[in-house]
Each structure stands twice: as structure tokens, then as C-alpha cells.
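Could you put the whole structure together from the sequences, leaning on the hints where they help?
Start counting the sequence shown at 13; every next residue gets the next number (the working numbering).
In case anyone wonders, no lab produced these hints; they're calculated from the structure.
Note that beta-carbon positions come from the ideal geometry of N, C-alpha and C, so glycine has one too.
Hints may contain errors.
Calculated pairs, EDC-like style, for lysine to aspartate or glutamate (alpha carbon to alpha carbon, straight line, at most 20 Å) [said to hold, decoys possible]:
#1 Lys97 <-> Asp75
#2 Lys97 <-> Glu77
#3 Lys242 <-> Asp75
#4 Lys242 <-> Asp226
#5 Lys314 <-> Asp62
#6 Lys242 <-> Glu231
#7 Lys143 <-> Asp75
#8 Lys196 <-> Asp186
Each pair of labels, with its calculated beta carbon distance range [as the list claims (entries may be wrong)]:
#9 Lys242 <-> Phe103: 18 to 24 Å
#10 Leu113 <-> Thr335: 38 to 44 Å
#11 Phe184 <-> Leu245: 32 to 38 Å
#12 Asp62 <-> Phe41: 22 to 28 Å
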Amino acid sequence: MAMIEPLTSAKKKDKAVRKQKSFRLGYDFRTQLELKTMLLPAVFLIFLFDFTPLFGLLMAFKDFEPVMGVKGIFTADWNGLAHFKRLFTNFQFWPMIRNTLGINLLGAAVSIPCTLLFALLLNEIRSSRFKAVVQTVTYLPHFLSWVIFGGLFITLLNSDGIVNYMLLHLGFIDAPLQFLADPKYFWGVAIATGLLKDLGWGAILYLAAMAGVDQSLHEAAAIDGAGRFKRMLHVTIPGILPTLMVLVIFAVSGMLNNNFTQIYVLQNTLNLPASQVIDTYVYQTGLLNFQFSSATAIGLTKSVFALILLVSSNWVSNKITKTGLF
Numbered sequence: 013m014a015m016i017e018p019l020t021s022a023k024k025k026d027k028a029v030r031k032q033k034s035f036r037l038g039y040d041f042r043t044q045l046e047l048k049t050m051l052l053p054a055v056f057l058i059f060l061f062d063f064t065p066l067f068g069l070l071m072a073f074k075d076f077e078p079v080m081g082v083k084g085i086f087t088a089d090w091n092g093l094a095h096f097k098r099l100f101t102n103f104q105f106w107p108m109i110r111n112t113l114g115i116n117l118l119g120a121a122v123s124i125p126c127t128l129l130f131a132l133l134l135n136e137i138r139s140s141r142f143k144a145v146v147q148t149v150t151y152l153p154h155f156l157s158w159v160i161f162g163g164l165f166i167t168l169l170n171s172d173g174i175v176n177y178m179l180l181h182l183g184f185i186d187a188p189l190q191f192l193a194d195p196k197y198f199w200g201v202a203i204a205t206g207l208l209k210d211l212g213w214g215a216i217l218y219l220a221a222m223a224g225v226d227q228s229l230h231e232a233a234a235i236d237g238a239g240r241f242k243r244m245l246h247v248t249i250p251g252i253l254p255t256l257m258v259l260v261i262f263a264v265s266g267m268l269n270n271n272f273t274q275i276y277v278l279q280n281t282l283n284l285p286a287s288q289v290i291d292t293y294v295y296q297t298g299l300l301n302f303q304f305s306s307a308t309a310i311g312l313t314k315s316v317f318a319l320i321l322l323v324s325s326n327w328v329s330n331k332i333t334k335t336g337l338f
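See the structure below:
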């Protein structure tokens with residue numbers, strides 16, 4: 013019969029701590045059972061809509077056909093990386109990547125400074141009534157769907173729309189511009205409409221961060237003779253820098269994600285060379301052409317690169333500003 017090794021004092025202490033924590037967790041669970049059951053619907057929905065679809069990633073490595081049904085996800089033949097090789101050799105792949113990155117990079121380069129500047133200016137408005145009017149007007153487009161907002165801009169940007177009418181009468185152009193029929197204008201239209209729609213909504217986060225800046229810093233700077241611009245530059249902006257960096261990290265990690273609804277509403281066959289992005293290509297490949305395996309391979313590739321971008325941007329942010337998501 014084996015001898016039981018006596019526990020040392022350290023092991024006894026650790027065991028006692030673990031037992032106490034286990035008892036405490038069990039006690040908390042029993043006493044807060046009603047509160048914890050309120051989480052069950054949310055946990056169920058997350059499991060149903062976020063984790064269950066992950067089984068569908070198997071389609072990227074199989075010859076899945078829609079006629080196989082759901083069980084085909086597990087019973088279809090494996091084909092290795094054939095769908096990924098077909099994706100990277102597709103003639104539409106690199107133009108699609110160029111459009112996706114181009115619209116997102118330029119969009120972030122324009123929208124982040126513009127939104128920050130707008131929030132800084134809005135924060136300096138002293139008239140509460142005028143400030144409320146400006147906020148309401150700029151928030152409103154965010155609550156309109158892209159079907160309505162995009163449809164409005166399609167009408168405005170038509171060859172006989174009000175934009176061409178004004179440009180012609182002001183003498184800036186000699187003939188109407190085909191904003192949505194010429195691929196060279198599409199990136200600008202997508203970036204401008206995206207900025208107008210979310211300018212006010214995006215400023216909310218900056219305004220909330222500005223409200224948390226210590227007012228004594230502003231008072232000290234004012235005593236030292238700093239004007240409003242210098243207080244904005246040396247007090248407000250450093251105070252909201254962590255929020256700014258988090259938004260930059262989100263923007264970089266979402267560099268491969270376009271607003272599908274926006275692009276799809278503004279897209280047509282004439283501007284397709286500049287408007288075909290990953291999300292619209294996935295939609296056409298998966299839902300219109302029923303190539304679910306290819307669409308899954310594209311989506312999985314995008315997710316992997318998005319994860320790399322997220323980790324990289326967070327690492328750079330931690331190194332430069334000591335601020336990050338994790």
C-alpha cells in the first residue's frame with residue numbers, strides 16, 4: 013500500500029484558498045441564481061447565432077453542394093485548399109482587394125480626423141440650444157437605412173440631379189458628371205456618403221471622452237494663459253487619446269470589412285470595377301451563384317487577415333501610446 017505523502021504547509025494553504033474560493037463561487041451562484049438566469053437568453057442567442065454557424069467553416073475545405081442539405085457540411089468530400097487556391101488565382105481577387113482596402117483606408121483617413129475635428133468644435137459651442145440643433149441634424153442620417161440614404165444620394169448625383177445642376181450653373185463643369193456610372197468617382201462617393209451618414213454619430217464617443225477630461229486641467233491651463241485652441245490642443249486631445257486609439261484599432265482591424273448595404277445600394281454594373289469589394293463578392297458567390305464553399309473560403313480568409321490586423325494594430329498602439337484593447 014502506497015504511503016500518502018503529507019501535504020506541506022504551502023500546499024495546505026493553497027488547498028484552503030481554492031476551497032474557500034470554490035465555496036464562495038458556489039455561494040454566490042446560489043444567492044444570485046435569479047440574476048444569473050436572466051443571462052441565459054443572451055447566452056443562448058450568442059451560442060445559436062455566433063458559435064453554431066462556426067460549423068459552417070467546414071464548407072471551405074469540402075465539396076459542398078446545397079442539395080446535400082445541412083448534413084452535407086459533415087458528409088461532403090474533403091478537397092483540401094482547392095477553394096482557397098481558386099480564390100487567389102481568380103482574376104477578380106486583386107481588384108477586389110484593391111477596392112476593399114482603398115475605400116476603407118481612404119475612408120478611415122478622412123472620417124477619423126473629420127469626426128474628431130467636428131467633435132472638438134462641437135464641444136466648444138457654448139450655446140446649448142444651438143449645440144442641440146447641430147447634434148440632432150448630424151445624428152439624424154445615422155438612423156436612416158442605407159436604402160433611403162443611398163437612394164437619396166443616387167437621385168442627387170444623377171446626371172440631371174441637383175449636384176450636376178449646381179456645378180453646371182456655377183461653371184465648374186461643362187457637362188454633367190456620371191458620379192455613379194463612372195468607376196473613377198465611386199470611391200469618393202462611397203467615402204463622402206459614409207462620412208455624412210455617421211459624422212454626428214461617430215462624434216458621440218469623442219464627446220463622451222471629452223466630458224471625462226479633468227476640468228481642473230483646463231482651469232490650470234487657462235490660468236497659465238492658454239487660449240481655447242491651446243487648451244484643445246494640449247488638454248482635450250491628450251485626454252481623449254485612449255479613446256482615439258481604440259477607434260483607430262477598430263478601424264484598422266475592420267479594414268477588410270465594408271459596409272455591405274452601402275456598397276450594394278450604390279453599386280451598379282457600370283461602376284463594378286471600382287465597387288466590387290469582398291463583402292459584395294461573397295454575397296454574389298454564395299447567395300446568387302450558390303457556391304457556398306467558395307464564399308466560405310473567402311469569408312474565412314478575410315477573418316484570418318482581420319485577426320492579424322487587429323493583433324498588429326493593438327501591438328503597435330501598446331508600443332506607441334501604451335493604450336490598447338488587450
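Evaluated hints:
1. Distance restraint check for Lys97 and Asp75: the Cα-Cα separation of roughly 14 Å lies within the 20 Å cut-off, and the hinted pair is therefore satisfied.
2. Taking the CA atoms of Lys97 and Glu77, the gap is about 19 Å. The hint holds against a cut of 20 Å.
3. Among the hinted pairs, Lys242 with Asp75 is inconsistent with the structure: their alpha-carbon atoms are about 62 Å apart, more than 20 Å.
4. Restraint check: the Cα-Cα separation between Lys242 and Asp226 comes to about 16 Å, which is no more than 20 Å; the hinted pair holds.
5. A threshold of 20 Å between alpha carbons decides the hint, and for Lys314 with Asp62 the separation of about 17 Å falls inside it, so the pair holds.
6. With a C-alpha separation of about 12 Å, the suggested pairing of Lys242 with Glu231 holds against the 20 Å cut-off.
7. Between the alpha carbons of Lys143 and Asp75 the distance comes to roughly 58 Å, so the proposed pair goes past 20 Å and is violated.
8. Proposed proximity of Lys196 and Asp186 is supported: the alpha carbons are some 18 Å apart, at most 20 Å.
9. The hinted window of 18 to 24 Å between Lys242 and Phe103 is violated, with their beta carbons roughly 54 Å apart.
10. For Leu113 paired with Thr335, a C-beta distance near 25 Å fails the hint of 38 to 44 Å.
11. About 35 Å separates the C-beta atoms of Phe184 and Leu245, a value consistent with the hinted range of 32 to 38 Å.
12. Checked against the given bound of 22 to 28 Å, the beta carbons of Asp62 and Phe41, roughly 24 Å apart, stay inside it.
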